[in-house]
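There are 2 protein chains.
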Amino acid sequence: MRTLVIGLGSMGFGAAVSCVRAGIQTTGFDVNPDALKRFQAQGGQSIQSLDSCSGIDCVLIFVVNSTQVESVLFESDLLSKLNPNALVINCVTLAPSKAIEIAKNVQGSGFRYIDAPVSGGAAKALDGQMSIMASGAPHAMRDAKPVFEAVSEHVFELGDDPGHGSQMKLVNQLLAGVHIAAAAEAMNLAASLNMDLHQVIDVISKCAGSSWMFENRAPHIADGDYTPLSSVNIFVKDLGIVTDEASRHDAVTPLSDAALSLYQKASESGLGSEDDSAIVKILAQRSNGTLPGSDT
Amino acid sequence: MRTLVIGLGSMGFGAAVSCVRAGIQTTGFDVNPDALKRFQAQGGQSIQSLDSCSGIDCVLIFVVNSTQVESVLFESDLLSKLNPNALVINCVTLAPSKAIEIAKNVQGSGFRYIDAPVSGGAAKALDGQMSIMASGAPHAMRDAKPVFEAVSEHVFELGDDPGHGSQMKLVNQLLAGVHIAAAAEAMNLAASLNMDLHQVIDVISKCAGSSWMFENRAPHIADGDYTPLSSVNIFVKDLGIVTDEASRHDAVTPLSDAALSLYQKASESGLGSEDDSAIVKILAQRSNGTLPGSDT
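Chains as they are written, first to last, in our numbering: chain D, 7 to 302; chain W, 7 to 302.
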């Protein structure tokens, strides 16, 4: 199965490397030449333009947003390079309505579509241990199995229609985005109380206040290290989709609104490309404590 | 070591039963006669008035708030019933400044004090598997060891002075209270999107959006079962302490503020004695979905 991975960022890179490791014939594409070099260094084949590919059976899409998805699918010659009945597996976080619209256009061109957002972070992606929230026709899910097995630990099969995968991802991003903000708020309070931040992590991780995101992100704050694994701007986008979709369905989201406001303020303050835990700096500006690594 | 447990609610009951199970000579006290009967049914000895106790070496306090702590310690004859140098182990969630004040008064009367808030929920309490966030003098911690071993899985020793335990508990309650609210918001969104709520729990529990509280409370919402394990009013109190203490130290808490507002609205709507996950009903009133067990 000749597979093309589009978008070699933290998740796409891990997925592409995992496919290579599993013996799948994999080509990688990214607009960033450094990403292509990194992939080549891992034994992957890369192309510098989507025009250069041909005979593709399976496309895995890991770009940033819906505009980029539509651009690679419908504003390039990509679809003309795919074999008949090829699989288009879209791993980008999208509004469910957008996932359904894109699926219709792909299927209308004679290809198969799986709505397949992912979770797990860069480290799990690199280990082929992502979680995939997938919905699509059973024959498409069956044929995607070798690729899913290469890149993931869990594949959740959420129905035959596109949109269900994206709905689940929104629920996950609501929780993840709020939990990062809660972790930042807790660590900022602990700093204001002059507590030992590493001790806070040790204790809370074993108590009822813990979350996957607290255990993952709080150490960045305790270490004062905001090297981006996933950036502030990702949550400006994802919580924006969450709150838009909630609003379309008349669901109120006071926690997500409060968290989104922090990500937006951080982005407007020039922190958009830092690690998402850098929203703690917005809280610290309005507080009295001193965070590790800060000069205030 | 003759031990008196004051307050046989969900946590205190579990702690008292765990002490009995460990062979510690344990007396239980509660103002609720039903709680005393439950404790007797588990083999415990109980008293109907604090005046009835004598020769106590160790007091474990599990009442609801600081007013009740001060009432049992300083407005009863309790201190006169304690043996010299007895241990007073306060497991109630308090503002750190209040824990320090109470400690001074207890120590001024010739007794030893451990600031020892707990975490883990009723089920862990009953299994003797709580987590204890303890601070107090090393000799007091050493002498408390048999009781701590009877009731807990983890004892975090956070320093020699009262206040450090309460600080850690506040950080835990900030996270726990916000995570319950986030779980409610996520489940309400999922209901508004007509998703299968049990499937949401299965998937999210294995993804980066999970938290201890999501895994514990989201099933209550999916089952429409708001039998209180920990009530809405507990978080009206605890997030109130969190936001007050944060404000005293100039730390901003936008997520806690948003969550506290939900607990307060739920309490004002007559849901104060229901399970804390019942805050989802406040979200649902302002949303379009139908929750399990609701008649709207």
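Fair warning: there could be bad hints in the mix.
No copy is singled out in the list; a pair is fine if it fits within one copy or between any two copies.
The calculated EDC-like cross-link candidates involving lysine to aspartate or glutamate, where the alpha carbons are at most 16 Å apart (straight line), are [as the list claims (entries may be wrong)]:
no., residue 1, residue 2
1, Lys-212, Glu-163
2, Lys-87, Glu-274
3, Lys-212, Glu-159
4, Lys-243, Glu-155
5, Lys-87, Asp-57
Simulated from the structure, these hints should not be mistaken for laboratory data. Bear in mind the structure is a predicted one, so any value in this text is a computation, not a measurement.
So, going through the hints one by one against the coordinates:
When the C-alpha separation of Lys-212 and Glu-163 is checked against a cutoff of 16 Å, the pair qualifies only between copies, where the shortest distance is 14 Å, while the shortest distance within a copy is 31 Å. Taking CA atoms no more than 16 Å apart as the test, Lys-87 paired with Glu-274 passes in neither setting, with 40 Å inside one copy and 62 Å between copies. Taking the closest pair of Cα atoms, Lys-212 and Glu-159 come within 16 Å of each other only across two copies (10 Å); inside a single copy the shortest separation is 25 Å, beyond that limit. Proximity of Lys-243 and Glu-155 under a CA criterion of 16 Å is satisfied in neither setting, with 29 Å inside one chain copy and 48 Å between copies.
For the identical chains of this complex, Lys-87 and Asp-57 are intra-copy neighbours only, at 8 Å inside a copy versus 87 Å across copies, given an alpha-carbon limit of 16 Å.
The structure does not agree with the numbered hints 2 and 4 stated previously, though it agrees with the rest.
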